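So you can see what is in the structure, the chains are spelled out below.
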Amino acid sequence: MHISNGIIDGPVAAIFAALALAALTACVLRGRRDLDDRLAPMAGLVAAFIFAVQMLNFPIFTAGVSGHLLGGALAAMLVGPWVGALCVAVVLVVQALIFGDGGVAMLGLNITNMALLGTAAAYALIALLLRVLPRTRAGLAVTAFVAATVSVVVASQGFVFEYWLGGTTDLGNNLGGLAGTMAAVHLLIGIGEGLITATTVLTVAKVRPDLVYALRSLRAPAAPAVPVAGGVR
Amino acid sequence: MGAGHGHVLYRESDSPVHRLPPEVKIVAMVVFTVAVVATPREAFWAFGAYAVLVAVVAALARVGPRWLLSRALIELPFVLFAVALPFLGSGDRVEVLGLRLSEDGLHGAWNIVAKGTLGVLASLLLAATTTTRDLIVGLDRLHCPQVLTQIATFMLRYLDVLVGEARRMRVARISRGDDPRFLWQLRGFAAGIGALFLRAFERGERVYLAMLSRGYTGRMPAVWQGEGAASTGQWLVAATVPVLAASIAATAVVLS
Numbered sequence: 001m002h003i004s005n006g007i008i009d010g011p012v013a014a015i016f017a018a019l020a021l022a023a024l025t026a027c028v029l030r031g032r033r034d035l036d037d038r039l040a041p042m043a044g045l046v047a048a049f050i051f052a053v054q055m056l057n058f059p060i061f062t063a064g065v066s067g068h069l070l071g072g073a074l075a076a077m078l079v080g081p082w083v084g085a086l087c088v089a090v091v092l093v094v095q096a097l098i099f100g101d102g103g104v105a106m107l108g109l110n111i112t113n114m115a116l117l118g119t120a121a122a123y124a125l126i127a128l129l130l131r132v133l134p135r136t137r138a139g140l141a142v143t144a145f146v147a148a149t150v151s152v153v154v155a156s157q158g159f160v161f162e163y164w165l166g167g168t169t170d171l172g173n174n175l176g177g178l179a180g181t182m183a184a185v186h187l188l189i190g191i192g193e194g195l196i197t198a199t200t201v202l203t204v205a206k207v208r209p210d211l212v213y214a215l216r217s218l219r220a221p222a223a224p225a226v227p228v229a230g231g232v233r
Numbered sequence: 001m002g003a004g005h006g007h008v009l010y011r012e013s014d015s016p017v018h019r020l021p022p023e024v025k026i027v028a029m030v031v032f033t034v035a036v037v038a039t040p041r042e043a044f045w046a047f048g049a050y051a052v053l054v055a056v057v058a059a060l061a062r063v064g065p066r067w068l069l070s071r072a073l074i075e076l077p078f079v080l081f082a083v084a085l086p087f088l089g090s091g092d093r094v095e096v097l098g099l100r101l102s103e104d105g106l107h108g109a110w111n112i113v114a115k116g117t118l119g120v121l122a123s124l125l126l127a128a129t130t131t132t133r134d135l136i137v138g139l140d141r142l143h144c145p146q147v148l149t150q151i152a153t154f155m156l157r158y159l160d161v162l163v164g165e166a167r168r169m170r171v172a173r174i175s176r177g178d179d180p181r182f183l184w185q186l187r188g189f190a191a192g193i194g195a196l197f198l199r200a201f202e203r204g205e206r207v208y209l210a211m212l213s214r215g216y217t218g219r220m221p222a223v224w225q226g227e228g229a230a231s232t233g234q235w236l237v238a239a240t241v242p243v244l245a246a247s248i249a250a251t252a253v254v255l256s
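Read top to bottom, the protein sequences are chains A and B.
Quick note on my numbering: the first sequence kicks off at 1 and runs consecutively.
Quick note on my numbering: the second sequence kicks off at 1 and runs consecutively.
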């Protein structure tokens, strides 16, 4: 899913870099408010978790297209959309800088797809489904599963859109084929990601419901995300 | 948690490249990669020149070619994508070994392989010569927002813990008769991942509170920030690589 140097041409990469920078600035401004004493270690752990999980590829894809989990939905669920997008972005920046995973010049594209599109799609669905579905464990599981699955497919179509805008090789009529392949492969990945996200969120919600960001607004509609005042600062 | 300074790719050494401050290396690496990507793909000589630059820096950093090339295998998935391009691409077709391949697709494949490989090699060189701690300090000195460096610090700190914990849990599962293979491992894997997450979080939370009570404010101690910030001379020394790369790219653009 990581775009390597040379797959998308320079101007499009630059436009998306500017776009990603603007969006991340907004996330930093909003996320700073969210990042209280409880969320800070959680954000770090979510990022580490996504980093680790992105190293694990699904065995069925070893023979063909590479695919891995993205983690956008998990981040949106546990630390909210703003800090969540930042977590995924940090993972991508570190991967590009020192692991050579995804080109540095393509960072804007990768951040747009996986950190911004993936997390935004996931959070929109989470916000919607948590209101519509019954407030049970099953409802939470379905929410996490659907949000994760859809967010992965959306992120993969982000790549197809960018390729259509500025792919270095004109695929002609095969672009539809690329879109289909990406969607199909990432639907499978998305199902895997959905299962993992749902299980993780359920486990956390069972033991420490206070840690699930998406549930905060439902518990206390008056004051979501109260920063810890005084004390240890 | 005392060992967390290196990472799997770091190569302990005292070469001139290792001694450069991290922020200088990050900027040099990013500018180099952008120059490579901006080069027209038909300028084959330019990519040769970039490869020589990478080889010189690798020699200065005392990083062996075998180590570099085996770690560069990470880009294999992109190479697979590149292999498909000559078959999928549109436009003029050329005969190669009896196959009718798209000329544009062949160029595209070359473009991805050359630029991808150079980018991966550049980041591997940065990784081999910079500890993760230095990387964060470098990003901080480059005025990266504190929220991001804070998340990155925690991320790198807990990464080894998480990976080690996951490996132990997998070994534990295998030794209890599980046969983790193909899709059937997904359920056990996912069930374990929830437990792994909670265990790691509770540990992380305790460590974070301990850090707060010792005066952590979200930024690493000022001693780290001040010590060894880049001097003008070091900026100039490190600028040679990106400046050379940029001039190669400019020449290639003018000639094409």
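These are calculated hints, taken from the structure and not from any lab test.
Hints may contain errors.
[Claimed, not checked] Computed, partial: chain A to chain B, Cβ under 10 Å:
| hint | residue |
| --- | --- |
| 1 | V28 |
| 2 | K206 |
| 3 | L211 |
| 4 | L215 |
The structure presented is a predicted model; accordingly, all values stated were derived computationally and were not measured.
Built from N, CA and C at the ideal position, the CB exists for glycine as well.
Problem set entry | Ascending list of hint numbers which this structure does not respect | 4
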